[in-house]
Amino acid sequence: MSDYIEKLHEAVLNYDIEKAEQIATDAVEAGVNPLEAIEKGLTAGIREVGDRFHRFEIFLPHLVLASDAATAAMNVLIKAIPKDQLSAVQRGRIIVGTVEGDLHDLGKNVVVMMLKAAGFEVYDLGKDVKTDTLVERAQELKADVIAVSSLMTTTRPYQRELVEELERLGLRDQFKVIVGGGPVTQEWANDIGADGYGRDALEAVAEANRLLGIQE
Amino acid sequence: MIEFIEIAERARSGPRVDEKDWNMMLFKKMQALTKEYNINCQDVDEFLNTDNSIADAAFQAAIDFIVDMGAFCISTNRVIKFDEFEVKQALRDAPNQVHMGEGRDARIFKQGKIDGNEPININPGHHAPFTEDNGSLVVKNFAQIPRTDFIEGFNFPAVDGRDCYHQPFEAYAAIREIAWMREGVRKAGRPGLAIVLYPITTKASSLIAPMNPQLGLRPTDGLLMSTLPDVKVEYDHITTAIVYSSYGYFSVNGSFGMAGGFCGGPEGAMIEGIVRPIIGYMCYGDTLHYCGVEHIGYVMGERIILHPMNWARSVVYQAFNRNSNLIYMDWNITCSGLCTETGLLENAVRSIEATVNGAALYAPRVSRARMNAGQTPLEPEFMIEVSDATLNAGLKRKEAGAILHKIATKLKGREPETGKTIHECYDLIHHKPSPEYHAIYQNVKNELTQLGLDFYI
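Chains S and Z are the protein sequences, given in the same order. One point on numbering: in the numbering used here, the residue at position 86 of the first sequence is 86, and numbering is uninterrupted. One point on numbering: in the numbering used here, the residue at position 444 of the second sequence is 444, and numbering is uninterrupted.
Hints in this document: simulated from the structure, not taken from any laboratory. Glycine included, every Cβ here is placed at the ideal spot set by N, Cα and C. It is possible that part of the hints are untrue.
Label pairs and their calculated CB-CB ranges [to be verified]:
1) S:E36 with Z:K28: 31 to 41 Å
2) Z:R92 with S:R172: 38 to 48 Å
3) S:G213 with Z:V67: 45 to 55 Å
4) Z:Q89 with S:I78: 50 to 60 Å
5) S:E136 with Z:V67: 38 to 48 Å
6) S:S2 with Z:A32: 35 to 45 Å
7) S:G213 with Z:D21: 42 to 52 Å
Please construct the entire structure, taking both the sequences and the accompanying hints into account.
Encoded structure:
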């Protein structure tokens with residue numbers, strides 16, 4: 001691994017946003033392959049951060065900081081990638097939200113960070129998100145996946161509403177739908193016609209990879 | 001105490017902050033405070049804290065947090081600020097006991113004593129999901145537990161066959177939930193038992209809908225109005241507090257610190273676990289708080305994590321006991337399901353730690369509860385027995401901590417067990433567990449007796 005790539009990796013592990021951006025700039029100037037820098041430096045670093053979080057060695061803010069560091073460097077490196085090679089670093093675009101009427105967002109926040117850690121382009125719409133908003137934003141952003149969380153049994157039907165609304169609008173084939181949250185089960189996901197179910201953040205990432213045909 | 005309309009004003013006009021920035025500011029502040037007050041869980045050996053100075057330091061750190069940071073309103077993206085005088089005045093004004101219910105079923109719920117010898121208060125129920133056909137029968141069974149001081153609503157995803165989503169349905173479901181509760185407590189022969197509304201959603205419309213002295217929530221009943229993780233509040237709850245304040249109510253606040261979340265590790269979670277109940281009282285008028293410290297992995301039902309969470313929770317409880325009137329409850333949410341030895345041992349841990357730390361019992365349900373598989377009346381009955389056996393044995397924090405250590409050793413490495421549904425392990429008609437569950441329960445009691453608890457039977 002080149003010195004630059006190793007330093008990028010370290011900057012992510014150290015949650016150092018400014019350093020990550022600077023090293024990325026230096027790497028581009030030094031002629032380092034940006035695809036390699038992203039894959040072996042940033043993505044590998046952020047995967048390691050995700051693993052540490054899953055082992056409960058670090059906490060949610062560390063995921064946020066590591067993600068910010070990786071994003072800062074990514075923004076520099078991506079400009080150096082020829083347009084015809086951009087698809088190599090684009091794993092997919094996912095919008096994430098907690099359904100309407102539900103203010104619980106802890107699990108959703110973890111999923112957001114783990115998806116980012118896995119290299120997805122993630123748009124977090126927050127909590128208490130109306131079905132219409134999820135659909136509109138998915139269309140605007142040309143998302144590949146809509147991932148929705150629900151922590152209350154009573155708000156879980158909004159996940160079904162999302163699937164039904166996509167069908168009604170003739171958009172069902174455009175978006176994969178992943179559901180999750182405390183009262184959500186594989187059986188529920190099957191019942192409502194969701195494409196995927198994640199019991200936890202790791203499973204959500206695995207489902208996103210599976211649905212988008214990405215080999216982990 | 002600051003009027004709720006003034007809280008609303010501050011939520012409307014306070015400093016504007018992006019939510020992500022608030023989250024990270026909170027993290028940094030928690031890190032700074034844990035360093036300043038030397039709050040550290042890493043080298044702790046004991047399972048329950050016995051050092052008063054640590055509890056006092058954690059409490060002061062929490063006051064500093066509130067004065068420096070305030071609370072974040074997610075409805076407006078603004079910060080509600082407080083000065084030190086207002087915080088201290090609120091702590092002085094907070095009641096140390098709550099009168100609830102009516103007639104011969106009226107109860108007093110109060111702050112317990114550290115290493116005390118009085119039986120503790122208990123609230124079973126609390127939002128496990130049940131299908132509506134179980135409605136009033138489930139409530140009746142929980143109300144049949146003689147020591148039940150109040151009963152909190154359950155989570156019925158459908159009412160009269162209709163899913164409870166979209167505002168009119170949510171309001172209707174809230175009204176029906178309380179009607180079932182009322183019917184259930186009457187069937188149990190305890191018509192005056194206090195009921196707490198479990199919100200169908202947190203919208204003000206569904207919280208206010210069941211306000212009805214004849215058929216719905218009485219002024220001697222309550223509702224669950226929790227502050228959100230990361231010290232956040234919102235308009236619907238403030239609105240509800242304004243409406244109910246002229247009617248009469250008590251409210252319950254789910255307000256633990258979440259280790260692994262934006263507060264950081266258990267150290268930051270201890271401070272958050274003290275901050276959120278105080279904010280709940282100041283912003284919503286909450287008088288009962290199920291609080292303490294939980295681990296994100298435990299709450300999500302992924303892993304049974306005890307130490308140092310038990311210790312951290314004990315610090316929070318002791319901090320309240322030594323520095324305030326706030327009434328705190330130990331929230332028990334097991335990783336393991338019904339009819340399992342592991343689940344009952346998890347319940348025992350919480351009951352013992354609550355008893356010696358002066359916490360009431362906000363008694364159990366399974367963390368990732370499946371439909372009709374969140375709780376049976378056996379678990380709260382068992383927890384009451386364990387609490388009484390702790391008192392009978394004369395256990396104080398030190399000895400109780402040693403017992404927790406032994407239980408933790410037994411549970412080490414165990415994966416959470418899925419368990420059974422209520423109909424597979426409990427007879428709701430005759431109010432008794434299945435022979436299998438009874439045998440597990442009896443074995444666990446025998447194990448606890450060998451560890452030093454003194455059961456009546």
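If any of the earlier hints don't hold here, list their numbers in rising order. Checked against the structure, the hints that fail are numbers 2, 7, while the rest are satisfied.
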